[in-house]
Structures are given as structure tokens and as C-alpha cells.
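Take these sequences, add in the hints, and give me the full structure.
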Amino acid sequence: MTGSPILEVGSLGCSIGRKRILDSVSFAVGRAEFVSLIGPNGAGKTTMLKCLMKILPFDGGAVRINGIDLHLLGQKELASYAAYVPQADSRYLPFTVEEFVMTGRYPYLSPFTACRASDRSAVRESMELTGIDALADRRMAGLSGGERQLVMIAAALAQGAEMMLLDEPAAFLDPGHERSVMRLLREINGRLGTTVLMVTHDINRAILTSGRVLVLDSGRLEYSGAAVDLISSGVLEKIYRREFDCIPHPDAGCDIIVPDVIEYDG
Amino acid sequence: MTAKEKMTMTGLLLAAAAVLLIAPFIGIERITPAAMMEGESVVREIFWRIRVPRVLVGFIAGASLALSGMAFQAVFRNPLATPFTLGVSSGAAFGAALYMKLGLAFGMAWLSGQSISAFFWAAVSIALVYGLTKVRRGFSTATMLIAGVAINFFFSSLILFMQYMSDFTQSFRIVRWLMGGVETIGYSSIWTLVPFMAAGVSIVFASLRELDLLSLGDDIAAGRGVEVKRTRRRIFIAASLLVGGVVSVCGPIAFVGMMAPHICRLIVGERHARLAPASFLFGGTFLVLCDTLARTVIAPAEIPVGVITALLGGPFFLWLLLGGATEKSLIYGRESV
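Same order as they appear, the protein sequences are chains W and S.
For the first sequence, position 218 matches number 218 in my numbering, and the numbering has no gaps at all.
For the second sequence, position 48 matches number 314 in my numbering, and the numbering has no gaps at all.
Think of the hints as simulated: they come from the structure by calculation, not from any bench.
What you are looking at is a predicted structure, and each value in this text was computed from that prediction instead of being measured.
Wrong hints could be hidden among the right ones.
To be verified - Facing chain W, according to a computed beta carbon distance under 7 Å, are these residues of chain S, among others:
no.: 1; residue: ALA472
no.: 2; residue: ARG475
no.: 3; residue: ALA488
no.: 4; residue: GLY489
no.: 5; residue: ARG490
no.: 6; residue: GLU536
no.: 7; residue: ARG537
Idealized CB from N, CA, C, for every residue including glycine.
Right, here's the structure in full:
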């Protein structure tokens with residue numbers, strides 16, 4: 001971690017109805033870090049991202065972004081610090097790809113001003129970086145899942161925020177698209193210095209792509225540490241309530257999980 | 267703006283201008299520009315005191331309904347969300363009928379009490395329908411339509427009750443008004459409509475980018491920097507102003523609020539910077555055309571324009587519901603919460 005952290009979360013709590021979704025979660029994310037957030041279904045990962053983006057209200061603790069208390073940040077200001085890519089779903093999205101990416105410039109536009117040259121160039125650059133320039137005039141509704149996810153990231157990128165929060169950015173993608181999304185995130189992180197906080201279920205991806213991993217289980221933070229130490233920490237067995245087989249990765253040198261053989265013994 | 271977009275917008279503008287200029291001459295009493303020039307006082311009277319105000323009321327009403335429909339469609343993210351299907355028209359109608367029945371006579375400054383009452387009850391029914399869709403987390407088309415139907419029934423029965431309690435003339439007045447019509451004498455209805463329309467239209471036009479973002483979903487909108495709750499409330503108020511104003515003067519006019527924005531979406535695309543002016547012009551033009559038809563098709567008798575729009579709107583609604591909408595619609599699956 002270099003300098004002051006971009007995100008500080010102190011004993012964050014959140015309840016939906018009577019259910020406690022997040023319970024006293026504390027962590028910090030440094031500038032230009034690449035952090036993965038893993039945990040079983042229902043652990044509170046998505047809720048946490050939504051609390052950080054002020055989509056859901058939280059009822060305890062404090063969140064500071066760039067040192068500013070989240071309660072004091074207006075939504076537009078927050079959006080200029082942090083961009084959010086929600087979980088992929090099948091919702092209908094209007095607009096063409098370019099129009100959609102342009103929505104990322106919202107925090108910088110007032111109601112009656114037209115888009116400026118700087119907005120247009122931000123849109124063009126993020127479309128080039130994500131490799132979707134060829135799709136510019138296609139309709140969002142006609143894109144494949146992989147293309148759609150790249151466009152979602154491009155729009156978040158056009159937002160020009162220092163931090164990007166992504167909810168399972170590669171879920172439902174084929175291995176080819178999965179890799180292009182991950183490469184893109186690494187490039188955004190490495191080249192632009194954007195801080196990435198990514199929710200994922202892919203433990204190996206978390207180990208191989210991120211510097212640090214946060215583990216959430218039943219609303220509590222169970223682990224925060226280097227990605228390479230995740231397996232040896234034993235936290236996975238605890239939170240997923242199962243055993244894992246590991247082997248060393250041929251290139252990375254660290255351990256990764258291998259899928260286990262499922263036998264039918266009837 | 268691309269050249270094609272410019273042409274489309276110019277086309278809509280010219281069509282609106284043409285309809286506004288020509289429609290006042292058409293009706294049971296054929297009026298020619300020559301007759302106007304000759305200065306026959308009866309003809310002039312019909313033209314300036316009946317036809318022109320009627321066409322203006324029609325345009326304002328159509329434009330307001332179209333714009334409110336567009337706003338509802340964006341916020342509910344569903345092409346079937348309109349003042350009529352959501353029960354907001356009924357709410358406004360109840361407000362106006364209540365005012366008529368009780369013979370209340372309040373007003374604020376120059377605003378008509380009937381319109382204020384309609385606005386208030388329109389806002390109440392929006393709050394109800396939105397609350398109902400939120401109770402069952404996620405907002406499927408079915409939940410929304412059922413909530414709308416429920417609210418429609420509720421307010422319709424209250425209106426029926428009031429009619430039942432009214433004497434014969436009062437009851438007839440309410441029935442005729444409920445059919446929806448834009449006929450008027452003189453300019454008082456226009457002065458009633460204008461403040462509501464002006465306020466509603468300004469709010470909507472100041473929120474075009476927010477409407478774009480809300481039509482992507484609350485989570486994406488918030489992530490881009492929209493204060494979702496506050497914006498939604500503001501837009502609901504604008505829609506209540508537009509619907510309340512129109513309904514108090516013209517009665518509930520069905521389906522303009524659904525058809526106009528939907529057709530415009532096919533013509534100018536989905537961005538509200540184009541869609542809003544297009545819907546405004548199209549809705550106004552469309553209702554004036556329907557009204558011109560209404561006062562000529564079985565001349566010398568007249569049909570209330572609401573009957574015509576409902577006749578056209580019914581099949582359109584079915585087409586949207588049964589599949590015409592699936593490809594280009596805003597119909598979503600469940601929203602992930």
C-alpha cells in the first residue's frame with residue numbers, strides 16, 4: 001500500500017429487513033491495488049459493493065473514500081471517485097454501445113450543457129482500450145454476454161474514477177471472454193493505476209490476478225491478506241465447509257486449486 | 267445531432283406546425299381563410315373562440331400526456347407504464363371529480379382548485395403504485411400492471427360512488443368528462459393548463475440525462491452519480507403535474523401517453539434528449555389529429571376524443587403486450603436486489 005488508502009471501511013454494518021447482511025466489516029484498500037473479494041453465496045459481497053456505492057444504506061460504521069466520509073459525498077462526487085459494474089443480468093438495456101458508454105460521463109455534465117470534447121475523447125479512449133470501438137453503433141440489446149460485459153466496463157472506465165468496483169465481472173463468460181475481461185482489468189489497474197475491487201467466485205482467478213484477497217462469510221470478514229497465502233491460511237475450508245486439492249501453478253509458482261473428481265458411488 | 271436526426275426533428279416540428287395551422291379550419295362549420303378575411307363575425311367567433319382554443323388544448327394535453335408517459339416508461343423501465351395503465355389518470359380523475367362533487371372552491375393564486383386536487387390525487391396514486399411494485403421486491407411487468415389495475419379499480423369505484431350520489435345533471439357532466447374531450451370555449455382552460463404543463467415540462471426537460479440513466483436501472487444510475495430517490499420523486503411530481511393538469515380539464519384521455527413515446531422511440535432512438543422533444547411534438551400533433559377526426563367523422567355529431575384514442579390504443583396495447591414489444595422493449599426480468 002502506498003500513500004493514504006483510497007478506501008477505508010470501519011466496522012461496516014448493514015441489515016436488510018431483520019437480516020444482518022454485513023456485520024462489523026473493516027478493511028482498507030490502497031491506491032492502485034487489485035483486490036478480490038470472495039465468499040460463499042449470500043456472504044454479503046454484493047451488498048457490500050452496494051453500500052460502498054450508496055445504492056443501499058448502511059446502518060453502522062464508517063466508510064471513507066479518498067479520506068472523505070461517504071455520508072458527506074454527493075452521489076455525483078462519489079461517482080467521480082468510484083465506478084461500479086453490477087452483476088451481469090438479463091435486463092434490457094436501451095441505447096447503442098456508444099450512447100451507453102457516454103452515460104459514464106454523467107458526473108461531469110450539468111443538465112443543459114452538451115458533451116464537451118473532453119467527454120468525447122474519454123469515451124473514445126475507453127472504447128479503444130476495451131477493444132469495443134467496432135461495436136459503437138450496435139444496440140446494447142443485441143450484444144453477446146461477453147461483448148456486453150466489455151461495454152459495461154468501458155462505460156465505468158469513461159467515468160474516469162480512480163477506483164472500480166466490479167461484481168462478478170466474468171461470471172457466465174466463456175473462457176475466451178473471461179480472459180479478455182481479466183486482461184482488461186489488469187491493464188486498467190497496471191497502466192492507468194485504477195484501484196480494482198472485484199467480487200468473484202473463481203478462487204484461482206482471485207489468487208492469480210489480484211494482489212490481495214478479502215474473504216467474507218456470513219457478513220463477517222474472515223481473511224484479508226496476500227493472494228498467494230490464501231490457500232495456506234486454511235480459511236477456504238472453513239468458509240466453504242469442504243476440502244480443496246491444491247497443486248503448484250506451473251508459471252506463477254503459487255498453489256492453486258484443482259477441480260476434484262466427483263464420483264457416483266451408488 | 268446527426269443529419270438524419272435533424273431531419274426527423276424538423277419533420278416532427280413541421281408536422282406539428284402544419285396541424286396547428288390547419289386543424290382550426292376543419293369541423294362541422296367549414297371555415298376558409300377567405301371567409302376569415304371577409305370578416306364574417308360568426309365565422310370569426312367560431313374560429314377564435316372555439317376552434318383555436320380547442321386545438322391548443324388538444325395539443326397541450328397530448329404533449330403533456332406523451333411526456334408523462336415517457337417519464338413513467340423510463341422510471342418503471344417498462345413500455346406499458348403510462349398514466350392510464352398505472353392508474354394515475356384514475357387518481358387524477360378522482361381528484362377532479364371530488365372537487366366537482368363537493369363543489370369546493372379553493373384555488374391557489376391563479377391555479378384552479380380542480381387541477382390542484384387532480385394533481386394531488388395523481389401524486390397519491392403514483393406513490394401507491396410505486397409502493398406496491400416495491401413491496402414485492404423487483405418490478406416485473408405483471409406486478410406493475412396488477413398494481414395499476416388495482417388502483418384503477420379503487421379510484422373508479424370511488425368515482426362511481428360519487429356519481430351515484432350526484433343528481434342527474436351533475437352525473438351526466440361527470441360521465442361526459444370521464445370520456446375525455448378537449449372541447450372548450452374561450453381561453454380559460456388554456457390558462458388552467460399552462461402553469462401545470464410549464465412546470466411539468468421544465469422539470470422533465472431538466473432531467474433528461476437522469477431519465478436516460480434511470481432507464482438503465484437504479485443500480486447503474488446510482489453508480490453513475492444519479493441521486494436515484496430524489497430524482498425519481500422529482501420526476502413523479504412532474505408527471506403528476508402533467509397528468510393532473512390535463513385530466514382536470516380534459517378528463518382521462520387514454521393511451522396517448524403510451525403510444526406517442528413508444529412510436530417516437532422507434533423513430534428517434536432511446537436517448538431522452540431526442541425522445542422528450544419528439545414525444546412532446548408527436549403527442550400534441552397526434553391528439554389534435556384524433557380530435558379533428560372526432561369532430562368530423564360522424565358530423566354533425568361529435569365523438570369525445572377519448573373514445574377515439576381508446577379505440578386506437580386498445581389494439582396497440584395488446585400488440586405491445588403480446589410480443590411487438592419483446593424485441594425493442596424495456597420489459598425486464600426481475601431486478602436483482
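List in ascending order the numbers of the hints, as given earlier, that are violated by the structure.
none
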